[in-house]
Amino acid sequence: MYWICSKSMATQELQINESLAHLKTESESLKTKLEEERAKLHDVELHQVAEKVEGLGQFVMKTRRTLKGHGNKVLCMDWCKDKRRIVSSSQDGKVIVWDAFTTNKEHAVTMPCTWVMACAYAPSGCAVACGGLDNKCSVYPLSLDKNENLAAKKKSVAMHTNYLSACSFTNSDMQILTSSGDGTCALWDVESGQLLQSFHGHAADVLCLDLAPSETGNTFVSGGCDKKANVWDMRSGQCIQSFETHESDINSVRYYPSGDAFASGSDDATCRLYDLRADREVAIYSKESIIFGVSSVDFSLSGRLLFGGYNDYTINVWDVLKGTRVSILFGHENRVSTLRVSPDGTAFCTGSWDHTLRVSSSFSFSLFSVISLSPEVLLTHCVFFFFFFLQIWA
Amino acid sequence: MSVKMGSSSTSVIQAQKLVDQLRVEATMERFKISLTATDLVRYCQEHKRSDPLITGIAASSNPFKDKKSCVLL
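Chains as they are written, first to last, in this note's numbering: chain V, 1 to 394; chain W, 1 to 73.
This is chain V alone, in the form it adopts within the complex (with noise of 0.2 Å):
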């Protein structure tokens, strides 16, 4: 009898490595052959088509605000659609929403949890949603009246069988997006707390995500520590494209405003555009010079420049097209941990493990500015130039 089963068995054992070896030959030259076509298409590269544009020059960007309040390290901020208020979480468990304009605090929660790793504003402003070391994403509503207990009204969306990365709310409040150190993502309506659609193809904790411009239609990208970034197809669940071109975790990726590409950032201290209509990485924003990694990028409203906050505690501001860097910002005093561009383009925010955040902007010098200097200064100036001069004379 119990030889019988063991021959049955062998004969099993010998059908499934028979299947693998026969699914690997065939996953090798699907390989291959996308590798093939993708390579045919390279007929060009970005920076040769965006040769005959003219250069930006150096940029001064400056900080304008520095929000202080957070005890603890920053992880991640978002800006309300209303361009002024922003929401932050950070290590403390502790999220804030504030008022940009003023560096007034509107409205504080305590989370149950350390590392509060994600944070997101609903588009209507009424809301934020937040999740970390919990495994959790849970919505608060905000009130209107400060003294209500924002903790009350809490509302548990999300459950991962890890920690939260990333979170966002999909064009309206009813549905959050999630990624988790569990490997997955997942699609929540937020109203009942059902999981509406789950995508797995990571083979590592997903560590960002970007949903598409709404113009482009139902997608997604997420960058994970298996350096892989996926674009997936929100209704079907399905991977629709892969790319794995960098050479180590990816911390963040986001959508090109025109959604035919996306950018990433990376542990491996590079900054990637891949475009979606060719399928392949189409340019590298590196130097030998920065060695640390990227932990966050944002676009500007055209595209033209890319924000990269990283590990050496400063923000590289690079040219998209032309692929170098025309500005770098200091002041933060640990690693940038989270950078978004505001929605309306005039401003970006940097949060950093300094505690705080910085929202800093282009430093354009013009005549306006100098003629609309009080008549007192300018007087200042006059003499003291006079005496300058006169020494120099003397």
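These are computed hints drawn from the structure, not numbers from a lab. Please read these numbers as outputs of a predicted model, since none were measured by experiment. Even for Gly, the Cβ is constructed at its ideal location relative to N, Cα and C. Among the hints, erroneous ones may be present.
Said to hold, decoys possible - Distance windows between CB atoms, simulated: (1) LYS62(V) / ILE13(W): 47 to 57 Å; (2) SER6(V) / LYS32(W): 23 to 33 Å; (3) SER198(V) / SER11(W): 48 to 58 Å; (4) GLN14(W) / GLU247(V): 44 to 54 Å.
Claimed, not checked - Not the full set, but computed from the structure, chain W residues with beta-carbon under 7 Å of chain V: (5) SER11; (6) ALA15; (7) LEU18; (8) LEU22; (9) LYS32; (10) ALA37; (11) VAL41; (12) TYR43; (13) CYS44; (14) HIS47; (15) LYS48; (16) ASP51; (17) LEU53; (18) GLY56; (19) SER61; (20) PRO63.
Mind docking chain W on chain V? Use the hints.
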């Protein structure tokens, strides 16, 4: 013995998923970079004027302008 069989059949399932995924990706229509990059460049150029971080904003209309009254060179 049965545990070994279990893990082998999981490998087959995983391998089959990979092949299915690659087949889906193989059917995708792709375009040359010379075409797609031109579109990226065109988008940038079209929206350049409405990008405040590139053009800069006059101090009077900048919501984040400094409260100071002078600009030092």
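Going through the hints against the structure:
| no. | hint | verdict |
| --- | --- | --- |
| 1 | LYS62(V) / ILE13(W): 47 to 57 Å | holds, 55 Å |
| 2 | SER6(V) / LYS32(W): 23 to 33 Å | violated, 57 Å |
| 3 | SER198(V) / SER11(W): 48 to 58 Å | violated, 22 Å |
| 4 | GLN14(W) / GLU247(V): 44 to 54 Å | violated, 24 Å |
| 5 | SER11 | holds, 6 Å |
| 6 | ALA15 | holds, 4 Å |
| 7 | LEU18 | holds, 5 Å |
| 8 | LEU22 | holds, 4 Å |
| 9 | LYS32 | holds, 5 Å |
| 10 | ALA37 | holds, 4 Å |
| 11 | VAL41 | holds, 5 Å |
| 12 | TYR43 | holds, 5 Å |
| 13 | CYS44 | holds, 4 Å |
| 14 | HIS47 | holds, 4 Å |
| 15 | LYS48 | holds, 5 Å |
| 16 | ASP51 | holds, 4 Å |
| 17 | LEU53 | holds, 4 Å |
| 18 | GLY56 | holds, 3 Å |
| 19 | SER61 | violated, 9 Å |
| 20 | PRO63 | holds, 6 Å |
In this structure, the hints that do not hold are numbers 2, 3, 4 and 19, in rising order.
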